[in-house]
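Please work from the sequences and hints to get the whole structure.
There are 2 protein chains.
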Amino acid sequence: MSILRQDPTTKDWVIIATDRGKRPDDFQKTATEFALLPHDPLCPFCPGQENLTPPEILRYPHDSLLDWGVRVVPNKYAAVGLKGELYRKETDHFFREMGGVGHHEVIIETPQHDQSLSRMTTNEVEMVLAAYHDRYCALRQDPQVKSIVLFKNHGERAGTSLIHPHSQIVGTPVAPLLVRKKYEVAISHFDDTGRCLYRDLVDEERLAKVRVLFESPSFVVFHPFASRVPFETWIAPKNEEATFGHVTPRHLAELADVLRRTLKAFDDALGNPDFNYILHSAPPEDDTKHYFLWHIQILPRVSTIAGFELGSGIFINTILPEDAALYLKEYL
Amino acid sequence: MSILRQDPTTKDWVIIATDRGKRPDDFQKTATEFALLPHDPLCPFCPGQENLTPPEILRYPHDSLLDWGVRVVPNKYAAVGLKGELYRKETDHFFREMGGVGHHEVIIETPQHDQSLSRMTTNEVEMVLAAYHDRYCALRQDPQVKSIVLFKNHGERAGTSLIHPHSQIVGTPVAPLLVRKKYEVAISHFDDTGRCLYRDLVDEERLAKVRVLFESPSFVVFHPFASRVPFETWIAPKNEEATFGHVTPRHLAELADVLRRTLKAFDDALGNPDFNYILHSAPPEDDTKHYFLWHIQILPRVSTIAGFELGSGIFINTILPEDAALYLKEYL
Chain A
1 MSILRQDPTT KDWVIIATDR GKRPDDFQKT ATEFALLPHD PLCPFCPGQE NLTPPEILRY
61 PHDSLLDWGV RVVPNKYAAV GLKGELYRKE TDHFFREMGG VGHHEVIIET PQHDQSLSRM
121 TTNEVEMVLA AYHDRYCALR QDPQVKSIVL FKNHGERAGT SLIHPHSQIV GTPVAPLLVR
181 KKYEVAISHF DDTGRCLYRD LVDEERLAKV RVLFESPSFV VFHPFASRVP FETWIAPKNE
241 EATFGHVTPR HLAELADVLR RTLKAFDDAL GNPDFNYILH SAPPEDDTKH YFLWHIQILP
301 RVSTIAGFEL GSGIFINTIL PEDAALYLKE YL
Chain B
1001 MSILRQDPTT KDWVIIATDR GKRPDDFQKT ATEFALLPHD PLCPFCPGQE NLTPPEILRY
1061 PHDSLLDWGV RVVPNKYAAV GLKGELYRKE TDHFFREMGG VGHHEVIIET PQHDQSLSRM
1121 TTNEVEMVLA AYHDRYCALR QDPQVKSIVL FKNHGERAGT SLIHPHSQIV GTPVAPLLVR
1181 KKYEVAISHF DDTGRCLYRD LVDEERLAKV RVLFESPSFV VFHPFASRVP FETWIAPKNE
1241 EATFGHVTPR HLAELADVLR RTLKAFDDAL GNPDFNYILH SAPPEDDTKH YFLWHIQILP
1301 RVSTIAGFEL GSGIFINTIL PEDAALYLKE YL
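Those protein sequences? They're chains A and B, same order as listed.
Here my numbering is used: the first residue of the first sequence is 1, the next is one more, and so on.
Here my numbering is used: the first residue of the second sequence is 1001, the next is one more, and so on.
Honestly, the hints are just simulated from the structure, not real lab data.
The structure presented is a predicted model; accordingly, all values stated were derived computationally and were not measured.
All the pointers check out, no bait thrown in.
The calculated label-pair distances, taken between Cβ atoms and stated as ranges, are: (1) B:THR1018 <-> A:LYS11: 29 to 39 Å; (2) B:ARG1088 <-> A:ILE187: 23 to 33 Å; (3) A:THR122 <-> B:GLU1330: 51 to 61 Å; (4) A:GLN28 <-> B:ILE1187: 44 to 54 Å; (5) A:THR193 <-> B:MET1098: 16 to 26 Å; (6) B:ASN1051 <-> A:ASP25: 28 to 38 Å; (7) A:MET98 <-> B:LYS1238: 25 to 35 Å; (8) A:LYS238 <-> B:ASN1051: 48 to 58 Å; (9) A:ASP19 <-> B:GLN1144: 12 to 22 Å; (10) B:ARG1020 <-> A:GLN28: 28 to 38 Å; (11) A:GLY48 <-> B:ALA1208: 47 to 57 Å.
Listed below are several chain B residues computed to face chain A (Cβ distance under 10 Å; list not exhaustive): (12) LEU1082; (13) LYS1152; (14) GLU1156; (15) THR1172; (16) GLU1204; (17) HIS1280; (18) ALA1306.
Beta carbons are placed, not taken as given, at the ideal position from N, Cα and C, and that holds for glycine.
The following block contains the structure:
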């Protein structure tokens, strides 16, 4: 029989149905050989074609005029944009609409077209994370921004449209319900217990051990108890940082190594799977409180979000996270 | 600039970003020619191979011994199952787990392997809907069932694993958060106004006209104001039926024609797109109240659910539903 597990951070349930008898290595795909070149003359993210993107917001190293390691540019096809003022209207006194004011930026992670975070050096990944941090801090200064979504789409099934490695950061003028729900649950736990829900969750995962992939001095990497998809992985700090905005340079360097190692294990164990990751953090206006803990959620796209998930919000996961961890650990 | 629109039924926002300049016919794909045969000797849903499925729950016509039009069988790989008793436990006093008790059935829509609802006769589609209704009513009798999710996955991008046309019905032992949220919003609207939110929504869509695809005597078919994906389509009754369980045989016959016409227009306008549909209905224990209206949501899978959607729950739709409606209406 299948089991249902509750995600302590959303209170929603996940169905873990292992009846199909899928083994962890069933999710391994043969890595697609794209025969990518290190430079694509048509790619707007490749060096020499910087004029194909909107004007640059940031580049690392700061003082480089020609060579760059990381660039941040506005998304040419922005979901929300800087133009226009914040308005709200009720159409026909029933429907509510507002202007898509906000920020939508692209972090170009490397000048090299065929590169990936899993194959970059720790120093190179650190530069990407420093750009995340820089832009995260900039966006949370904008009082119009109610929520910051920092994410990466890797591969076609994860929704990427350009192969050149990049991440995205979006500052939205509304707080998404899912995000609001996570805060509500965390605040309720804090009110009940005086403790941080995520701190408790990380402690419980470390105690249970069976889903922990590895630890570094300041981070824990684990498959969560109520994993929504096979090999869902969280990276969480061991200290009490509510917001990614407060992360220190020393921690960024350590995180770079942890993230690179994790993605390298994915590549080796699953054959360069498509994945999304999302960096969750305390709300910009409330980030000194101790009810939240920033963390990264990695969701491999080795299964399909189908009608049941869309209709109920409940995910069906065909592999027990304990079994997934046992398998993935061999590649670490 | 993009616009944000609030879904009145969930209070969540959708971003409509048309900057990419996508036109409705950009979503048209060349229909894949699978060269399917009407009978596949390896398919567990094809006639003659009935022994490959678990024992039958229902068949239409009832009195047929050999030939059948529709069969309902337990899902061999059930997300939730009949076995076992309902238990809940708290693992390590923190994590909550329960047994996956419930129902998971497959409605085999036709004996013909290469058939589709859009190409079936209205009478044949009516038989499928009658099976939906029959099993919906059966599942809502079970006091352990807190929510019924009736859905169809059509095509690989929609998560189908078997090509032979089929739908699924799942009775879960918990109420999913998304479903609970929809009820809460509807009840709050009812408390505020004394009216059914969905009734108001359908009235407003009919008044606005621009997103209505067509009407039949008892049904309205429209792209909702806050469409999450290109060509999202709702089919809603004009009367006050809270639950699909109360639908009459006359209405089922009419719905069969409406559903078939809608899917036919999808085929013609978009080239047999992958899609999910979900039948939403009032909660089993509360279905005589007038705050809800059952309805069908069709979600074409012509775009990808990516990191932003997974991280925020907010969908980015690249086409205005008014424009989608203008285009799709030409095929009706």
